[in-house]
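The whole structure should be built from the sequences, with the hints applied where relevant.
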Amino acid sequence: MNSPAIQATNLSRHYARTHALRNMDLEVPPGRILALLGPNGAGKTTFLKLVMGLIEPTTGQVSVLGHPSRSLPPQLAGKVVGMIEGHEPPSWAKLELLAAVQAGASPNFDFSFLKTFCADRGIWTKRYGALSKGQKRWLLAGLTLASRAVLLLLDEPADGLDPAARRSFYDHLRDYATDLGATCVVATHIISDIERVADDVAILVRGRIALYGSLEDLREQVREIESPGDTTPQFGEGVEVLASKGIAGSTLTWVKSPLDDGELQRRAGAGATVRNLTLESLYLLTAGQNGDSLSREAKEAT
Amino acid sequence: MRVRIALLRFLLQRSTASTVAFFCLMVLYMLFKPDPLDSAEAFPAIIVFFHCYSLASSLGRPADKHFAFLFSRGYSRDTLWLNTMIATAISVLAVWLPAAIVVWTPLRANFLPDPEYPIVAAAERTVPLAWLAWYALLMPFLHYEWIRWAQPTRGAFGATLVQAGMIVVAYPIVVVAPWPRWPILWAPGALVALGAFTATRRLYARIEVPA
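Residue numbers (numbering that gives the first Met the number 0), protein chains in the order written: chain A, 0 to 301; chain B, 0 to 210.
If you are wondering where the hints come from, they were derived from the structure by calculation, not from laboratory data.
Be aware that a few hints might be false.
As the list claims (entries may be wrong) - Lysine-lysine pairs mimicking BS3-like chemistry, simulated, CA-CA at most 30 Å apart: (1) B/64 / A/114; (2) A/93 / A/135; (3) A/125 / B/32; (4) A/132 / A/93; (5) A/132 / B/64; (6) A/255 / A/244; (7) A/132 / A/114; (8) A/114 / A/135; (9) A/135 / A/125; (10) B/64 / A/135; (11) A/114 / A/93; (12) A/125 / A/114; (13) B/64 / A/93.
Structural data, given as structure tokens:
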């Protein structure tokens, strides 16, 4: 069995009095695309920086490709490439130089891919500072994908791209992961885009993992049940109640269960309806529309 | 740990503006200063200090987003450190060597109308070595300072102490005992500079990139 691409154990990072990440345990298998979701300040960028070895954990550890992220052997350093929010080249730099810089770090750098990726975007001859926000993101995305690294850490990679470019970027990312068997961690707020390509999803809330699993399993297992009355139904064994909320004479309950819709409907009682959730609904349920976390809502429900 | 030409180009372009500015200042000073040059002169010392300061700031500042960009490209810390040191050395030579050539060749003697200059020029030959010694003393300190200050988990207090130590060590060496008059006084300076260089190397291996 392959060792995990990323393994975080009891991982925490504090900045003065701010706890950016708390006791995080996460194992990302190789060859998967992980969507890292969460509200602003949930710890997504901190996690990516820890995985890149840019900052030191306050407690715990994180291993990348089987080695501690802060002391990767030199031959593995070029296999982990990041596109971290705020890490930008100087405004005078042109793509040609940036491509050469990336090629210096990445032994399998694919120059022809970069040329194709950036063709017709008007970014070859301009200085980085003269590009629009979307062009800058496209350029950085192109450099990152051309690196042919086995682990990509992407922080809001499609931020500033128009809808067509976002779709195109994520299609490239899907192909990249499939062709190279690469692992990609994508922190984003644009859920509809990542939903098309992600294999797994982790939702961070206040520095903790509130939900983690295969997107397919979560879609199949997490359901929204609307039942008449203002009390949460008792589902019995095999059903985990995630949250519950009363709305205009009925109760919405979110559950996680391997049971089929018919069985859940039967347990919820007469008049109940069962619905599957989109990733966006899962996110809103977990992170809370007003920043209320799942754990808080679950406590209220039980 | 490898030399990467593109990375060197990237780093050197970052320091080009200050290197060109200090090159002009240094060479013009050499050409137009009518009095004999002295190792303890303040103006070249100031140029060396600010050039070192700007190099350390442009090449080795972890809090800078451009520096962070290089770290997230996948370079090993060893490679980044080696190339940063080479870029620093090239930038230093780009200012020091032309100034030294002006002094060592008949350029300065021919440029100045003073008839005693062909004779004085011989006495000035050791002066560029003093500037090089200042670079060797200051550069490791300032690289260490910039990196240490930007480390969120290691605190800036130690860096401030190092800076105070640098002033205590460097000032008397540069002003009181300019190279090569009392070489014995430069021995502790060289040791301290070597210590700062080694400390920078070790710090680089565990550097945090807070940007």
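Hint by hint, here is what the structure shows:
A C-alpha spacing of about 26 Å is found between residue 64 of chain B and residue 114 of chain A, which places the hinted pair at or below 30 Å, so the restraint holds. Proximity of residue 93 of chain A to residue 135 of chain A is assessed by CA-CA distance (about 11 Å); at most 30 Å being required, the pair is judged to hold. Restraint check: the Cα-Cα separation between residue 125 of chain A and residue 32 of chain B comes to about 43 Å, which exceeds 30 Å; the hinted pair is violated. Straight-line distance between C-alpha atoms of residue 132 of chain A and residue 93 of chain A comes to about 15 Å, which keeps the hinted pair within the 30 Å bound.
Between residue 132 of chain A and residue 64 of chain B the alpha-carbon distance is near 16 Å, which keeps this suggested pair within the 30 Å criterion. Taking the CA atoms of residue 255 of chain A and residue 244 of chain A, the gap is near 16 Å; set against the 30 Å cutoff, the hint holds. At roughly 20 Å between alpha-carbon atoms, residue 132 of chain A and residue 114 of chain A fall within 30 Å of each other, so this suggested pair holds. Under the criterion of a C-alpha separation no larger than 30 Å, the hint pairing residue 114 of chain A with residue 135 of chain A is consistent with the structure, at around 15 Å.
Only pairs whose Cα atoms come within 30 Å are accepted, and residue 135 of chain A paired with residue 125 of chain A is accepted, the gap being roughly 11 Å. With a CA separation close to 15 Å, the supplied pair residue 64 of chain B and residue 135 of chain A stays within the 30 Å bound. Of the supplied pair hints, the one linking residue 114 of chain A and residue 93 of chain A holds, its CA atoms being roughly 14 Å apart against a limit of 30 Å. Our distance criterion of 30 Å between C-alpha atoms is met by residue 125 of chain A and residue 114 of chain A, whose separation comes to about 14 Å.
In summary, the hint linking residue 64 of chain B to residue 93 of chain A is supported, as the alpha carbons are separated by about 17 Å, within the 30 Å threshold.
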